[in-house]
Amino acid sequence: ISNWKRVPLDRVNGNGYRNYVECQVPLDAKDPHAYLTILVTHLDRKTDRQDQLRVVIRRFLEIPAPAILMGDLNSKITEPQLIALANEPGVIDCFGQLVQSDLARKRIDWVFIRGLECLKSQLQPTTASDHPIGWVELELSDPQSIR
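In terms of this note's numbering, the sequence shown has 167 at position 34, counting the first letter as 1, and numbering is strictly consecutive.
Bear in mind the hints are in silico, worked out from the structure with no lab data behind them. One or more hints might be untrue.
[What the hints assert, rightly or not] The calculated SDA-like cross-link candidates involving lysine to any residue, where the alpha carbons are at most 20 Å apart (straight line), are:
| no. | residue 1 | residue 2 |
| --- | --- | --- |
| 1 | 209 | 188 |
| 2 | 239 | 197 |
| 3 | 163 | 197 |
[To be verified] Label-pair restraints from in silico Cβ distances:
| no. | residue 1 | residue 2 | range |
| --- | --- | --- | --- |
| 4 | 235 | 139 | 32 to 40 Å |
| 5 | 261 | 167 | 13 to 21 Å |
| 6 | 164 | 260 | 39 to 47 Å |
Using N, Cα and C, we set each Cβ at its ideal position, and we do this for glycine too.
All chains, please: the whole structure from these sequences, using the hints.
Printed below as a string of structure tokens:
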């Protein structure tokens, strides 16, 4: 990671503080402008979730690709903001291809990508958490585009 920052998210109710972390991972040691940006977050479950979700989606769409938005968004597959995001040109919901699985239909953890290809993804049950284990295997869509 070459650069990172924590960005606080507004809250109206509740006693927890939410934020997202934005970090940049270099893709080419010779080009300081060639990097992958990753946004990681854990959003509120109740009142503030809609506004927090709007903020992280807006940031994800405004940063240059390649980019990843991932985390516990506390949002189900029926969430209109996530449906709209998944329908944005160039945006891929990495677990969207798994919608036939019960874990994918009930998920609140998400991985969205831009400028990358999702080669594989999986959700696996675990007893270590109330969330399934999720993983994705990614590849640059066009490695030449980072230069």
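Going down the list of hints, with the structure as the test:
1. For the suggested pair residue 209 and residue 188, the alpha carbons sit about 17 Å apart, so the restraint of at most 20 Å is met.
2. Taken as a hint, the residue 239 and residue 197 pair is broken in the structure, with Cα atoms around 30 Å apart against an allowance of 20 Å.
3. Between residue 163 and residue 197 the CA atoms are separated by roughly 19 Å; this keeps the pair inside 20 Å, and the hint holds.
4. Range check, residue 235 to residue 139: about 34 Å between beta-carbon atoms, so the 32 to 40 Å window is met.
5. Distance hint check: the CB atoms of residue 261 and residue 167 are about 36 Å apart, inconsistent with the given range 13 to 21 Å.
6. Residue 164 and residue 260 have their C-beta atoms about 44 Å apart, which keeps the hinted 39 to 47 Å range intact.
When held up to the earlier numbered hints, the structure conflicts with 2, 5 and fits the remainder.
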